[in-house]
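Number of protein chains: 2
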Amino acid sequence: MKVTEPLTVADLSATPDDSSKVRISFKGTLGSYNEDAALKAYPKCKTVPCDEFEDAFKAVELWLAEKAVLPIENSSGGSIHRNYDLLLRHRLHIVGEVQLPVNFCLLALPGVRIEQLKRVLSHPQALALSDIFLSKLGVARENVDDTASAAQYVASNGLRDAAVVASIRAAQVYGLNVLAEKIQDDPDNITRFLVLARDPIISRTDKPFKTSIVFTLEEGPGILFKALAVFALRDINLTKIESRPQRKRPLRVVDDSNTGAAKYFDYLFYIDFEASMAEPRAQNALGHLQEFATFLRVLGCYPMDTTL
Amino acid sequence: MKVTEPLTVADLSATPDDSSKVRISFKGTLGSYNEDAALKAYPKCKTVPCDEFEDAFKAVELWLAEKAVLPIENSSGGSIHRNYDLLLRHRLHIVGEVQLPVNFCLLALPGVRIEQLKRVLSHPQALALSDIFLSKLGVARENVDDTASAAQYVASNGLRDAAVVASIRAAQVYGLNVLAEKIQDDPDNITRFLVLARDPIISRTDKPFKTSIVFTLEEGPGILFKALAVFALRDINLTKIESRPQRKRPLRVVDDSNTGAAKYFDYLFYIDFEASMAEPRAQNALGHLQEFATFLRVLGCYPMDTTL
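Protein chains in written order, with full-length UniProt numbering: chain D, 1 to 308; chain U, 1 to 308.
So that you can see chain D by itself, here it is in the shape it has in the complex (with noise of 0.2 Å):
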């Protein structure tokens, strides 16, 4: 009997094969932005459409897809916390991260000039952050719940005096044409994902792997320099550290022990290093840390994107 392979680097590397079965779940219609994620990191996937984020998660745990993709932090607007509220609540792990350049597009029905735009639809926050050139063009701006709705909205009903703010997945999508690209205030704008799924993959060494660590710590000063020194004093790397107050919120965590207990705590705090679980160093950091930390867990150890 050949036993189930785990999941390797070679799954983001997505070969043709392999991932045309991978069914990735996600947030919003065809066409929306989170999908473009799951499109890079496997090309020829099944996308699976979820109302809502949570409902991603339940995807993967009740088997309808294999994988779920997660935006998690942006390069303007910052980090998604209740995005890291739902992966706590949840047991799926890490297995990938997708980093993806914003490029909003205006897209209109094929032959409508821009010249014949009276308003543009999409959502607030992508409209917002499209100010500059949507002041410049003049027209007015609704809003609509999410930006590939839009491009459903004007491409079924035939609407030749509106344009959208959405991908050129959704103009592909929804047979609109690009009448402009990259029109967002900060051309840099970067959204970073990540891909769950229900078991974590093996960690390696032969390429860059990250780590993706929650922790909490006694209250007083010098405990989080204590924590980062375990890091430190074996020369890893940190891509990431935050620190969240949670006033002596109840946060539901889910642990190994499964007991799914609701436990309260000051701050967490979120790091991201650079050192894959298969090397000693990131063992014994973690062993070492477990110490002194009051909660621990490792939400995933995954290669690193250098894609951009």
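Calculated from the structure, these hints are not laboratory results. Don't take each hint at face value.
Since the list can't tell identical chains apart, any single copy or any two copies may satisfy a pair.
[Unchecked claim] Cross-link-like lysine-lysine pairs, in silico, DSSO-like; alpha carbons within 27 Å at most: (1) K226 x K240; (2) K118 x K136; (3) K58 x K21; (4) K207 x K40; (5) K226 x K40; (6) K136 x K58; (7) K58 x K226; (8) K136 x K182; (9) K44 x K182; (10) K21 x K207; (11) K240 x K21; (12) K58 x K40; (13) K226 x K46; (14) K40 x K182; (15) K44 x K207; (16) K46 x K136; (17) K21 x K40.
Since the structure of chain D is provided, determine the placement of chain U on it from the hints.
Okay, now just chain U, sitting in the frame of chain D:
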């Protein structure tokens, strides 16, 4: 001639005589949550509504307002990096902080009962964060630019089939009734705002003060550890630490030498620490940090909001 007095903690305790003269700029229309924060800090102030956050900064720079109020982080959404960017691009100083528990309310015209509602209008994020309550209500949801505009729209058009999700203050401003309070999914959602002014306040040691800094470091393992040592060695507690990848993105930094030059960083670090710049240990810590930081700016030293 009387020398203009520097702002002190007394300004934040807001005696009616003083605070009634203060004009505070904020992003949004009357009754928005940003205005709520301004009124918590200065109950009798004159609030100055602005179209965008940047306009609120400009209002202070052009002496149209004495102070601006800016949301900087939310317990569910995380730090708002684009507002940190505004702090770096402008010359204003943090002179106070306000922590405000989010209280989303369901508002409708007087006499309208919950059973009569067919739709609810609000900013899409307010609708999304009140999902559980609104799902039970089972009414259509319509997106509007901000919560207070939704209240204004329903009131001025006399809509009796519509409610809005907005603040208690919006109910007062637009003559609406509060049908339900605290309807958000997360009852402990808190937003932290900064109060900004043209001049820094004089740091004191008779009340708890907090200092916010931003800095950059050379790349390499252990360098952040070294930076935290300057605080740990002096028993200074940190209330916030956050790394922000810049990926060689240029950032226009306004420094004291007034060059306003664009600089390139790999990472920015944000730290808030519990000490007043009036304390030698805080001065020594920053002197120590400056020995090896490639860039360092004190965003402000201000009384902590301990009301939560």
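Would you pick out the hints that fail for this structure and give their numbers low to high? 5, 7, 11, 13 and 16
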